[in-house]
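*Asks:* All chains should be modelled from the sequences, with the hints used to inform the complete structure.
In the numbering used here, the protein residues as written are 668 to 1241.
Read the hints as simulated data drawn from the structure, not as lab findings.
One or more of the hints may lead you astray.
[Claimed, not checked] What follows is a set of in silico ranges between Cβ atoms, one per label pair, in the way DEER data are often shown: (1) Tyr1200 with Thr821: 56 to 64 Å; (2) Gly835 with Gln808: 23 to 31 Å; (3) Asn1118 with Thr980: 17 to 25 Å; (4) Gln1081 with Glu1198: 38 to 46 Å; (5) Pro878 with Thr916: 32 to 40 Å; (6) Asp772 with Gln1205: 52 to 60 Å; (7) Asp837 with Asn725: 21 to 29 Å.
[To be verified] Taking lysine-lysine and the BS3-like style, the derived pairs with C-alpha atoms no more than 27 Å apart in a straight line are: (8) Lys1184 with Lys1078; (9) Lys1103 with Lys1237; (10) Lys1197 with Lys1077; (11) Lys1087 with Lys1077.
All residues carry an ideal CB built from backbone N, CA and C; glycine is no exception.
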Amino acid sequence: MFYYLLSRKCKWAPVFLCLLLTNFTYNNVSGQPVLNYTPFITGLSSPLDIVNASDGSNRLFVVQRNGVIRIHNGSSLLATPFINIQDSIQFGGEQGLLSLAFHPDYETNRYFFVWYTDKEGDLTLARYRTTLADPNIADQQSEVVLLEIPKPGTPYFTNHNGGKILFGSDNYLYVSTGDGGSGGDPFDLAQNGNSLLGKMLRIDVNNFSTPPYYSIPPDNPFVSNPSVRDEIWALGLRNPWRWSFDRLTGDMWIADVGQGDWEEVNIRTAGNTAGVNYGWRCYEGNSTYNTTGCGPSSNYVFPIFAYPRDFATGGRSVTGGHVYRGTEFPLLSGWYVCADYVSGNTWKIAPNGTGGWRISQQNGLPGNIAGFGEAENGALYAISLSSGTVYRVEANSALPLKLTEFNAVKKNNQVLIEWKTSYESNLLHFEIEWSKDGIMFSRISIQPASNNTNGSRYSFLHLNPANQKNFYRIRTVEQNKDAELSGIVVINYSNEDKISVNPTLVTQRTININANKPVQGIRLFSTAGKEVYRQDFQNRQGSFWIQFPHLPRGAYFIHILSKGENSIQKIVIQ
668 MFYYLLSRKC KWAPVFLCLL LTNFTYNNVS GQPVLNYTPF ITGLSSPLDI
718 VNASDGSNRL FVVQRNGVIR IHNGSSLLAT PFINIQDSIQ FGGEQGLLSL
768 AFHPDYETNR YFFVWYTDKE GDLTLARYRT TLADPNIADQ QSEVVLLEIP
818 KPGTPYFTNH NGGKILFGSD NYLYVSTGDG GSGGDPFDLA QNGNSLLGKM
868 LRIDVNNFST PPYYSIPPDN PFVSNPSVRD EIWALGLRNP WRWSFDRLTG
918 DMWIADVGQG DWEEVNIRTA GNTAGVNYGW RCYEGNSTYN TTGCGPSSNY
968 VFPIFAYPRD FATGGRSVTG GHVYRGTEFP LLSGWYVCAD YVSGNTWKIA
1018 PNGTGGWRIS QQNGLPGNIA GFGEAENGAL YAISLSSGTV YRVEANSALP
1068 LKLTEFNAVK KNNQVLIEWK TSYESNLLHF EIEWSKDGIM FSRISIQPAS
1118 NNTNGSRYSF LHLNPANQKN FYRIRTVEQN KDAELSGIVV INYSNEDKIS
1168 VNPTLVTQRT ININANKPVQ GIRLFSTAGK EVYRQDFQNR QGSFWIQFPH
1218 LPRGAYFIHI LSKGENSIQK IVIQ
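*Replies:* Following this line, the structure appears as structure tokens:
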């Protein structure tokens, strides 16, 4: 996840997004909620998706891979399917009926949309209508096909079909597509603007009478670019099987299935999702994959979380979920939940309050989770393909930890890592992890947990840090092997970046300044040279945070004033 920092001397150096720098102290970081899955609907056949109609009926619609959609009315699973399009689709493996979305005006116009692979393997977006006589029965003869996207290969590749369609708060339909399949995107379609594969599409489906039954929203980002299809909203995706909007903020969360090394989770804040290039096949996760013909890394957006392809700390196929916005489990509110289909590991991700993210892994939950869905009231559900079960996602309590401080300081040629808890229970140990690049971490020490209910102080002395930037984090492991990662602190033993700014891509109006010399103030300028913000200090030094007022999105230059030399660095506010 690299962005680039422009110094006064125009020297470019990679900077890891959302790092928490030297001597930063975490305050009041409570333990994350513990998830529990309770069976809610059983006896299904390969369920993949579950959605609500937002019509006040509180019904849940379960999408089965075999082309059947079932209805749960709140108390039971109805015997008669909502619709059965098995005769129109090719199903099995990654093919089949993959997703369902109801029109924002469904309550009055009765339209809904499905995404499936047809008999020829084409990715198909179709519209249907519910019968007027019975809202629990769809009219199978009402199908209108809006999109058909052929798959590449001879014979065609059956994998990487994307699979999720959703309406945004703008009432446009968003469609995620895979890169076409095989492995490694052999035809480089995800980066090809003339292909609809490996993309996020955005279309207006309110054309109910005239082919092709959709139109292009006028603010789509590439409508004036002849090299990119007008339907494309974002590109550079491998197989965004499951993604979602945060129903409160409108933020877009995209989980993208990896090639052979990394699974990834991306987030773009509401209003900042257009025209994004997520990097595939140039990058897989934060690592290069095939950069032939690719631009500089600053052209791409990188994930906030990428996990390796191992069964202890990762998996082999990420399933994106939702940010919980229900009311029944307040402790879970604001946490994004996702899982790995193969390993069964589950993760919870939430903002840490300082521009970064808290990431927590939980084990022991049901496996083969192929999708997540929300009820009208915000209740969250997880779908197991293999067991044919929809689980209700619940949060019982917080993990038994409250981490209140985490610091790293230089001690001559060594680094002292210190952390403090205010509460512990049923913890196994703390693992100190170290990295030279902020991406690939290795464990350098294990410290047993005291399990003192009043908390404890801990320290570790790293004897051999590198003569460059050193990145540290703590993995807290519970006795049942559930784990949570802290944020990252950085110690720099090189002579570079005497004054540094992170993140350079600002999403929450806050930046961290890390200064090895006294700072008298900052000035923020637009690219037109207009000063838009200033703040003065009394020889402030070390690591400290600045919060900007609400400013328009775009590039700015921050002038950091210090005696003898001023530093000018570029940031982008989103």
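*Asks:* With respect to the beta-carbon atoms only, verify the hint that Asp837 and Asn725 lie 21 to 29 Å apart.
*Replies:* 25 Å, holds
*Asks:* In this structure, is the beta-carbon distance linking Tyr1200 and Thr821 contained in 56 to 64 Å?
*Replies:* 58 Å, holds
*Asks:* Next pair to validate is Lys1197 with Lys1077; report whether the Cα-Cα distance is within 27 Å.
*Replies:* 38 Å, violated
*Asks:* Going straight from one Cα to the other, do Lys1087 and Lys1077 come out at no more than 27 Å?
*Replies:* 18 Å, holds
*Asks:* Given the hint of 17 to 25 Å, check if Asn1118 and Thr980 actually sit that far apart at their C-beta atoms.
*Replies:* 23 Å, holds
*Asks:* Lys1184 and Lys1078: Cα distance at most 27 Å?
*Replies:* The given pair, whose Cα atoms are some 17 Å apart, holds under the 27 Å limit.
*Asks:* Per the hint of 23 to 31 Å, is the separation of the Cβ atoms of Gly835 and Gln808 within bounds?
*Replies:* Between Gly835 and Gln808, where Cβ atoms are some 29 Å apart, the hint holds.
*Asks:* Can you let me know if the beta-carbon spacing of Asp772 and Gln1205 is within 52 to 60 Å?
*Replies:* The hinted range 52 to 60 Å holds for Asp772 and Gln1205, with Cβ atoms some 59 Å apart.
*Asks:* Is the straight-line distance between the alpha-carbon of Lys1103 and that of Lys1237 27 Å or less?
*Replies:* 24 Å, holds
*Asks:* Check the following: the C-beta atoms of Gln1081 and Glu1198 are separated by a distance inside 38 to 46 Å.
*Replies:* 42 Å, holds
*Asks:* Can you tell me whether the CB distance of Pro878 to Thr916 sits inside 32 to 40 Å?
*Replies:* Holds, at about 36 Å.
Hint check: a violation occurs at hint 10 only; the rest are consistent with the structure.
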